[in-house]
Amino acid sequence: MRTDLVSEPGDASRPNEDFAGVGLPASGQGGCAVVLDGVTPPSGGTGCLHSVPWFTARLGGALTELTVSGRDLTLSEILARAIRRTADAHADTCELSHPRTPQATVVLTRWSADTVEYLVLSDSALLVRGPDGTVTPVLDDRLARLPRSALATDALVDANLRNKEGGFFTAAADPAVAARAVTGTLPRREVRALAALTDGATRWTETFREGDWTALLDLVAKEGARSLVERVRELETADREERAFLGRAKTHDDATVVYVEL
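Everything in the sequence shown is counted per my numbering, starting at 48 for the first residue and increasing by one.
If you are wondering where the hints come from, they were derived from the structure by calculation, not from laboratory data. Here the structure is a predicted model, which is why all the values come from computation and not from measurement. No residue lacks a Cβ here, since even glycine has one placed at the ideal position from N, Cα and C. Each hint should be verified, as a subset may be incorrect.
Quick list of the computed label-pair ranges, beta carbon to beta carbon [unchecked claim]:
(1) Pro234 / Leu203: 29 to 35 Å
(2) Gly213 / Pro89: 39 to 45 Å
(3) Asn207 / Pro62: 37 to 43 Å
List time: in silico EDC-like cross-link candidates among lysine to aspartate or glutamate, alpha-carbon distance up to 16 Å [what the hints assert, rightly or not]:
(4) Lys297 / Glu308
(5) Lys297 / Asp201
(6) Lys297 / Asp58
Taking the hints into account, I'd like the entire structure generated from these sequences.
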């Protein structure tokens with residue numbers, strides 16, 4: 048098995064809000080990969096005393112531990128328990144019902160000798176390579192399908208779309224959101240490699256159109272996860288002034304890649 052993990056902040060002067068982890072049980076059987084993209088809040092406050100990195104570290108740690116140890120639990124059950132555990136850690140001090148309480152996108156995958164399970168919530172991505180080289184993206188595209196007019200302001204998004212029916216969902220403080228994730232199970236023999244990426248890394252394909260998902264996974268497999276992030280940074284810097292590509296609220300975003308060859 049080969050793994051490659053890179054997580055780089057978009058701004059060196061700010062903490063990285065992403066989380067990435069690979070878990071390998073002591074038994075040597077199977078493993079898991081976890082990627083979270085913490086949601087940067089607007090300036091108006093979140094009702095929480097804690098930072099986004101505080102939240103993603105605790106949620107990511109809980110997901111890693113539960114996915115490795117809870118082999119009898121589904122990934123949706125694991126996400127629900129991890130959200131509950133994280134919420135309990137600050138329910139006494141923070142307003143968890145606030146629409147901008149710390150939250151994150153989630154990619155979670157677990158493999159055994161027989162199966163590969165996956166869960167995707169919000170706009171991070173999971174890429175799966177099959178034995179014939181075919182790359183299949185596993186995406187939760189609810190946010191991408193919303194009209195741009197509905198996303199015009201933070202107030203509109205928070206009032207009408209964030210963690211609401213007809214909008215999109217992130218892992219925040221409500222365990223019930225786990226049932227909204229995209230989930231599935233594949234035979235292990237049908238998976239040769241996996242890549243979990245935050246949208247700061249998928250900009251190479253989704254924003255700058257440098258190549259499709261197959262080309263992106265080929266790049267990571269051949270040159271490494273860091274090479275993908277470096278190429279994204281070059282593209283962002285070249286477009287810093289003009290912002291020719293739509294959908295970039297930040298010049299540079301936190302970028303995380305976890306690559307696993309099974």
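Going through the hints against the structure:
no.	hint	result
1	Pro234 / Leu203: 29 to 35 Å	violated, 43 Å
2	Gly213 / Pro89: 39 to 45 Å	violated, 22 Å
3	Asn207 / Pro62: 37 to 43 Å	violated, 30 Å
4	Lys297 / Glu308	violated, 32 Å
5	Lys297 / Asp201	holds, 15 Å
6	Lys297 / Asp58	holds, 10 Å
The structure does not agree with the numbered hints 1, 2, 3, 4 stated previously, though it agrees with the rest.
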